[in-house]
Amino acid sequence: DGGITQSPKYLFRKEGQNVTLSCEQNLNHDAMYWYRQDPGQGLRLIYYSQIVNDFQKGDIAEGYSVSREKKESFPLTVTSAQKNPTAFYLCASSTPGSTDTQYFGPGTRLTVL
Amino acid sequence: DQQVKQNSPSLSVQEGRISILNCDYTNSMFDYFLWYKKYPAEGPTFLISISSIKDKNEDGRFTVFLNKSAKHLSLHIVPSQPGDSAVYFCAASARGLRGTSYGKLTFGQGTILTVHP
Chain B
90 DGGITQSPKY
100 LFRKEGQNVT
110 LSCEQNLNHD
120 AMYWYRQDPG
130 QGLRLIYYSQ
140 IVNDFQKGDI
150 AEGYSVSREK
160 KESFPLTVTS
170 AQKNPTAFYL
180 CASSTPGSTD
190 TQYFGPGTRL
200 TVL
Chain U
26 DQQVKQNSPS
36 LSVQEGRISI
46 LNCDYTNSMF
56 DYFLWYKKYP
66 AEGPTFLISI
76 SSIKDKNEDG
86 RFTVFLNKSA
96 KHLSLHIVPS
106 QPGDSAVYFC
116 AASARGLRGT
126 SYGKLTFGQG
136 TILTVHP
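So the sequences go chain by chain: B and U.
Residues 90 to 202 (our numbering) make up the first sequence, in order.
Residues 26 to 142 (our numbering) make up the second sequence, in order.
In isolation and in its complexed conformation, chain B is listed as follows (with noise of 0.2 Å):
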């Protein structure tokens, strides 16, 4: 059963924390991205990564850090320095080159109190 799964559901920290926000993927995809939806706007790409061992900022990436050391795994961090944490995250996976659409994961809703 392919797909994309995030844990968890929702997460509540306290501010000044650093959280690690988890995106696994069994499509066999290379490319792997994080977006974040506040209300009222679309998806605003954080960071992407095309390979392993790899990843670009994408337009909003101040605040956090991504790690790729496996092709299945791209889990996201938000530090203490994001000024507005609280928002709901998306992950997900890609095959450019072959096709360009992306497939998401169901979300981590942030609150940061």
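It is possible that some hints are incorrect.
Claimed, not checked - Label pairs and their calculated CB-CB ranges: (1) U:Asp-84 <-> B:Ser-169: 42 to 52 Å; (2) U:Pro-107 <-> B:Pro-128: 17 to 27 Å; (3) B:Ser-156 <-> U:Ser-94: 41 to 51 Å; (4) B:Glu-151 <-> U:Glu-83: 38 to 48 Å; (5) B:Ile-140 <-> U:Ser-94: 35 to 45 Å; (6) U:Pro-65 <-> B:Ile-149: 19 to 29 Å; (7) B:Gln-106 <-> U:Tyr-64: 24 to 34 Å.
Hints in this document: simulated from the structure, not taken from any laboratory.
Since the model is a prediction, treat every value here as computed from it, not as a measurement.
Glycine included, each C-beta is placed from N, C-alpha and C at the ideal position.
Please build the complex by placing chain U on the supplied structure of chain B, with the hints as guidance.
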């Protein structure tokens, strides 16, 4: 700089009628376009796509039209059903002459579609 724009935040349609969702783009390098549907607190699901070499693509009740000269695309849903009520996002990518890209998508702000029974 909003390169992909969905100027209608919401659309309300009667069940059985046609829903038309619109999207405009400014970047002339965009050559591949997608529509996604999203329910609250869930990830977007892919609906339909179109390459710039076409002006129409159809999949069941969903048809996407592309007008390259106007930099405009639209999604038609016929007939509309209450289960179609969701947020619809258009997205675009620049694949280039070789048909490859980094896979980056630029998304519009979304349009909330409500289909009334």
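Status of each hint after checking the structure:
Look at Asp-84 (chain U) against Ser-169 (chain B): about 45 Å separates their beta carbons, and that is inside 42 to 52 Å. A C-beta distance of roughly 23 Å is found between Pro-107 (chain U) and Pro-128 (chain B), which places it inside the suggested range of 17 to 27 Å. Under the hint 41 to 51 Å, the C-beta atoms of Ser-156 (chain B) and Ser-94 (chain U), about 44 Å apart, fit the expected range. Between Glu-151 (chain B) and Glu-83 (chain U) the CB atoms are about 42 Å apart, so this pair conforms to the stated range of 38 to 48 Å.
In this structure the hint that Ile-140 (chain B) and Ser-94 (chain U) lie 35 to 45 Å apart at CB holds, the actual value being about 37 Å. Range check, Pro-65 (chain U) to Ile-149 (chain B): Cβ separation about 22 Å, and the 19 to 29 Å hint holds. The supplied range of 24 to 34 Å is met by Gln-106 (chain B) and Tyr-64 (chain U), whose beta-carbon atoms lie about 30 Å from each other.
Checked against the numbered hints given earlier, this structure breaks none of them.
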